[in-house]
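Asker: Here's the letter readout for the chains.
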Amino acid sequence: MESNLKWKVIFITLVVLLCLFGLVGLPTVPTSLAQVRDNFSKRIKLGLDLQGGTHLILQVQVNEAVGLQTDQTIDHLSTQLRDKNIRYDDLRKVSDTQILVHNLAAESTATFRDLVGSSFPEWDLAPAPGEQSGYLLTLKPSTVAAIQAQTMAQSEDTIRRRIDALGLTEPVVAPYGQGDNEIIVELPGEGDPNRAKSVIQAGGQLELRRVEDPNPYPSEAAALGAHGGILPPGTELLPSKTTDATGQGSWYLVDRSPIITGRDLRNAVATPSTDNPGSYEVNFTLSTDAARRFGPFTEQNVGRPMAIVLDRKVVSAPVIQSRIEDSGRITGRFGQQESNDLALVLRAGALPASIRYLEERTVGPSLGADSIRHGVQASVISLMVVLIFMVFYYRLSGVNAVVALLLNLVILMAALAYFGAVLTLPGIAGVILTIGMGVDSNVLIFERIREELRAGKAPPSAVDMGFKRAFLTIIDTHVTTVVSAVFLFVFGTGPVRGFAVTLTIGLIANLFTAVYVSRVIFDWHLAKMQRQAALSI
Amino acid sequence: MDFFRHDVNFDWMGKTKYFVALSLTLLIVGAASWIHKGTLDYGIDFKGGTLVYVRFASTPPVDKLRQGLVQQGLGESVIQQISDIATPNANEVVIYLPQRGQGNEALDAGKGEILNALHATLGAGEAGKQDFNEASPDVVADLLTRKDPLSAGAAGATRYQPLAKQLTDYRDKQARGVVPNIDDLRQAGATPAVISALRDAFYTGPFAVVNVEIVGPKVGADLRRQAVYVTLYALAGMLVYIALRFELVYGAAAVLAVFHDVLITLGLFSLLHFEISLTVIAALLTLVGYSMNDTIVIFDRIRENLRLMRREPFATIVNRSINQTLSRTILTSGLTFMTVLVLFLMGGQVLRSFSFALVVGILVGTYSSFGIAAPLVVAWNRWRGQGAVPVSGTTSGSKTRTGEAQGRLAPAGRR
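Line order of the protein sequences matches chains B and W.
So the working numbering is basically just the index in the first sequence, starting at one, shifted up by 94.
So the working numbering is basically just the index in the second sequence, starting at one, shifted up by 6.
Misleading hints may appear alongside valid ones.
Said to hold, decoys possible - Capping the alpha-carbon separation at 30 Å, the derived lysine-lysine pairs in DSSO-like fashion look like this:
{"#": "1", "chain 1": "W", "residue 1": "K179", "chain 2": "W", "residue 2": "K70"}
{"#": "2", "chain 1": "W", "residue 1": "K224", "chain 2": "B", "residue 2": "K187"}
{"#": "3", "chain 1": "W", "residue 1": "K171", "chain 2": "B", "residue 2": "K136"}
No wet-lab data here; the hints were simulated from the structure.
Generate the whole structure from the sequences, applying the supplied hints.
Answerer: Laid out in structure tokens, this is it:
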């Protein structure tokens, strides 16, 4: 038994060392108390409610991307129908996923069906309900799902790149919730989320388009009037970004298809403006492929204005002076931060669909500091209360329980450090609950031992029976609480998850300390005790 | 040392009617408060809206602020001073703006309006200067680098960054977020040159926003639904677990007892005006686990005694089991209760509702094990006509030829 016991003690010592190392030994072995504290604060990750920061939940409006696909299909379809000389009365979008072809010429039905089947495989064709010769094209659900998934992934990616470019420490960007296209963004230490929010939400869609008419119009009606009520094919009207005091802007008649889009950019940088000292502009360079298109385009259009369109609004429309190969600039009365943010957004890429904010929480650093103080105070005091009671009530065995409990807490904290789990304020409450519920295991065992001693058993036998009988009950009680905690972890976010994590790890560690370590201490004590001596319990 | 007499022979099952009376009273009182209010006190997690917590350097002018908010068109807002057991001089107010419409406008419109109203009522500060109480360490460092009061020259950035952090740490940790006067920063280690540079660029605003919570309508509805599901799933999971370890009737009795605990806790929440937030749901689920915990200890002992005390009436066995585990029950409940009581008193205002749920939950959870769960099992037993001579070991109920039913209350599984 002696050597067996020795191995157990060595094992426990190793566990303790491993835990201490995990808590204060990384990233560099400390040589002073200050370094110990420093390491510790680096190892334990604090949640937003303890260090301050902003938490955002946003929803990607994926149906916009689906609608965009439908719009593009309508364009293609109308071109194809014209090419194949298929006549119809009306072709329009009914919803994000449906297109109605109204009154299709009867003799073209077969050609139409063939066309849809071969060129538009993602669409289901069916007769339109309630129409004699109308057809309804519906986008296949699998395609819709694919577009939505891709939009989510691209949005998450773009948002992450934009936030990374802002240079915040350890931000979190991750999908959230059960499939409602939500993303969670956590910005530790960020007290004023306004800048981050606008950078995240910015569309960022850049387009360079040829301007049809050299002068902008004061209103849409004026533009239509100048063209006899119908715009020339392949053009559209876009408003200017800046509006004057009355909110009126100018309208530009531009080509529908852009020559250059944001995807063609190689880089975008904010620089102080040369024409307008004090304000800034964004200089961008194009990729080689795009440059190959842009050169001839600018050469052919010297003397004409070119619209620089940002999120469907014309920022400026400079006149092309000469052939430009691969660069350009966006001017406007930008301040330094504004131009930096625009360059950042252009570099990170445009969002495929717009973003809506659903939830925003900002914890200031003073509240975070308060919470830490309260949490630590409450933990220390409750620990003291429990420890003093145990020693008082169970004498030397109480010391056994104290050692087990302290080891329990050390293992709990080390596990948090090793897993990189985040400690939140409810998490600290979980630690306090672990103290209270953890000591329950010891009480169960000790009361059983006392019972056996009262029934006349000798100490070694009483200890043995105490542990054996109490073991299953301990397992039962821990399982029920851990089951609750697991549900909480799955369902909860941030702070609640922190609570579930500390409680679960604490109780699992408790199984080890209250049953194994306590037993080893008892065995060691019993081995040293004289034969007829009473057990101090 | 030992508090307990270990030969206690209290007749718990005989006192069932008193326990039931106590439970009914608590339930009725809670339900009455609930019905009277028409609804539970949902926190912002569930009802949505905007919450802004604002701290002042001295006593906040609540009435003035209330008038100011109404003047700015925010008449439906609610402003309250936070008074807390642990921090009586918090100088903090919380402003709640209920959510309007279906949230098609920007989520943080409410926050913007509240802040505008506060600035309009309390003055917008000095022109050309920034509010030190709202400045981040970067802004302060930036400014110090530009003004360079300590003549650090090119090494300015590295010199002023830690200094700025020191100053803002003092503001956040010692001054609780609001520095009344730039001169106070001397205590943070700022030399007169630094103070004068700061005074040129900053003023000290009368308040600082320490916490903002904005929950849109969609999130609120989602969370309400999820909270109910999670609680039901957890209860179902426990029912299955206990039914497997013991028998179905034990599982049902335990779940009913836990249900009773949750209802009483919610009733007390309503009565004492505590808000139900996400963390409170976490506390409720924990107390579900804890109450089960406690009930299982008694059931365990009943199971053990069923084998040892074959000839005794069931109610007597249950009584004996409760008496035997009494010392353990009181000790652990006592200890756990002590720890959550410390949390309630000293854990700060953020955790107050959460710790209240645990405080009540532990008391009620312990009581429900012998007051509700055990009597339920005994009553079931009696109803099945098996109060006389229970026999353990059989897992299927079978009546003997003389009509005396054999006990069905044997646990599944061996030990």
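Asker: Take the hints in turn and mark each one as holding or not.
Answerer: Each hint, compared with the structure:
Only pairs whose Cα atoms come within 30 Å are accepted, and K179 (chain W) paired with K70 (chain W) is accepted, the gap being roughly 28 Å. A threshold of 30 Å between alpha carbons decides the hint, and for K224 (chain W) with K187 (chain B) the separation of about 28 Å falls inside it, so the pair holds. Proximity of K171 (chain W) to K136 (chain B) is assessed by CA-CA distance (about 17 Å); at most 30 Å being required, the pair is judged to hold.
Of the hints listed earlier, there is not a single one the structure fails to meet.
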